[in-house]
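Peer 1: For the record, the sequence lines run as chains H and G. Count along the first sequence from 1, add 539, and you get the number used in this note's numbering. Count along the second sequence from 1, add 48, and you get the number used in this note's numbering.
Since the hints were derived computationally from the structure, they do not count as laboratory data. The C-beta atom is built at its ideal place from N, Cα and C for all residues, glycine as well. Do not take every clue at face value.
[Claimed, not checked] A partial selection of chain H residues facing chain G, derived with a Cβ cut-off under 8 Å:
(1) C591
(2) V622
(3) L624
(4) T630
(5) M633
(6) G651
(7) L653
(8) K755
(9) H832
(10) E833
(11) I836
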Amino acid sequence: MSDMILRTEDLSAGYGKKVIVGGLTIEARRGEILTLIGPNGAGKSTVLKTLCRQLDPLGGAVYIEGKNLSELSGSQLARQVSVLLTGRVKTEYMRCIDVVEMGRYPYTGRLGLLSAEDHEMVRQAMELVGISELADRDFDRISDGQRQRVVLAGAICRRPRVLILDEPTTFLDIRAKLELMDLLKRLASEQNIAVILSLHELELAQRVSDRILCIKDSAPDRTGTPEEIFSGDYIGKLYGVPEGSFCEAYGSPELAPVMGEPEIFIIGGGGSGIALYRRLRRRGVPFAVGVIHENDIEYPVAAALGAEVVTENAFEAISEEKLAEASELMKKCGRAVCTVKQFGTMNEGCRKLAREAASLGILENKENI
Amino acid sequence: MKTQRIRLAAGYTVLAVLLIVLAVVNICAGSADITLSRLRSALADPESDRIAYNIITQLRIPRTAAAAVLGGALAVSGFLLQNFFANPIAGPYILGISSGAKLTVALLMVLSLSQGFAVSSFGMIGAAFVGAMLSMGTVLMISGRVKRMSVLIVCGVMIGYICSSITELVVNFSDDSNIVNLHNWSMGSFSGIGRGEAITAAAVVFPTCIAAFLLSKPMNAYQLGESYAVNSGVRIKAFRVALILLSSILSACVTAFAGPVSFVGVAVPHVIKSIFGTAKPVRILPACFLGGAVFCLLCDLITRTLFAPTELSISTVTAVFGAPVVVYMLLHRERGKVNV
């Protein structure tokens, strides 16, 4: 396992004497992104702080390249591990390049003056992160996304083996988040760094991570690849949300469904109904859906939000039984909407349903709902 | 990058020129005006103009040197405190540290006068240091509880008032003819500083400032927050203690010789930072020293010449220039917060 760079053995992390997370076995490899997820207050930040020695382990130990973390000097540690913390600092008269240059701290001499080599590394780091044009701007007067990048450039021009980020997406908008994730992915593979971060955004965690560590109730709950973690309804359990309201495939959550007698029947499929499901959910109207294939892209949303859902097996044409079931449900509802625009062999049943609704005079226009 | 370098070079040049010009003016101007040519001839040949020579070497040069050295010390002390508290309005006077030093020095003075023993310059600095540390300790305790800058400043000002009123009390109750001197001193003044005292001040201030300069690197990392400094490998406890000790020594030294001098520690570093456009300690700590020296020379000149032969206290003049800077900074910061 030459790829293994950071490893913990039965690590306990916490403040003072109070253990917040115990029994941690973490393995971070070069070129891989390890993400910590888990409910608020589960101790993700505490774990990260222990990994970079902001906190001393309350049990067990952290090893970096086989060396115990507590035996490294401050400067040795700083060369191995770079950290990006949450929280903003108010700086004054500090240009972005000054902040990046600070990244060379463990390598510079007594007065912290940079050598030509240091300057070159700063330049490269800024280029890699794409902030070269920000160099002379005031660090206090750039956007949060830019600031995060500047700090990141500082962290990587330290040439660490491990990069630790505590909820790096906190202040960022969606575009900045995506760019940051992209960047981390590139950093990990190009610079061969082990990246360890905590995230709240599960959809990001699912897409960016090579491995995920879930922390729940003061203990590591599960580790594995995103495929392993985002399967079944594990995530729902991890965060304690009602069953089915978290879409494992998309990594995104839905509100809990409105239960009760469905008032409207929606003939959906192919993603055409998603907006309507969510609109009805917001208004608190219980509804039924049919007939949806289990591999339809709107199936997770329909399953999460619909009071009743008639489904058909993947890649099967809609059977007579299902059609009958849906038809009955539709009549019970007394109102129907068809969002589907295109019919084919597989959803021929839906066309029939729509015709039936029209002949019953209960078919309404989607825009009128 | 280049503009920064030009700015630095220009800034340092201007400061150096100002320092030299003001030093010469300070030596020449006064109740007995000495022209430049008289100054030159008196220094070249003491016998030709004994009076001028004596005035220059016994009074003017020590006072000028003391004003420059102590002014520089104050500015550096303020700069260190600002970094420590991550607060641009921190300074030895505003946080009550000067007043604490003033109190212990006054106590020692009154005691020595009533008991009839003499106190050396180092004794005074020692007493001032104890007082400075006491105030500092109080301020640190408060800052541990409240993070708000304004609360900290108000507490510092209150500590200052308490110490000042006790000092007044002590001074009023002691009955000695020297009390006039004591009173002058407790208002802050560079007058009456002799050659020995000036040399002692320099002997304390220069090594302390050099030590502070050697802390530039960790100070720079600390400007990005405590955790950042820790992650960079700064031994944070030792660093914090060093900052506190150095800034206390500097402000204690100033107080021991010149009494409390207001606002230099806040105003000068701020002006220097904005002129140089950087807060990197390695680049501007020496500039703060020069700036403090220039500022105090100018203010001391005004105290001596504005209503000559009556002398103003130095704080009267420094406050006129310094207090508006502090008000400006407070307003500026508050406005900045709203925008963020």
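Peer 1: Next, verify each hint and record whether it holds.
Peer 2: Tested hints:
1. C591: Hint holds; C591 (chain H) Cβ to chain G Cβ min 6 Å, cut 8 Å.
2. V622: Cβ of V622 (chain H) sits 5 Å from chain G, so the hint holds.
3. L624: holds (5 Å)
4. T630: Interface hint status for T630 (chain H): holds (6 Å vs cutoff 8 Å).
5. M633: holds (6 Å)
6. G651: holds (3 Å)
7. L653: violated (11 Å)
8. K755: Not OK, violated: K755 (chain H) not within 8 Å of chain G, min 26 Å.
9. H832: violated (50 Å)
10. E833: violated (49 Å)
11. I836: violated (41 Å)
Checked against the numbered hints given earlier, the structure breaks hints 7, 8, 9, 10, 11 and satisfies all the rest.
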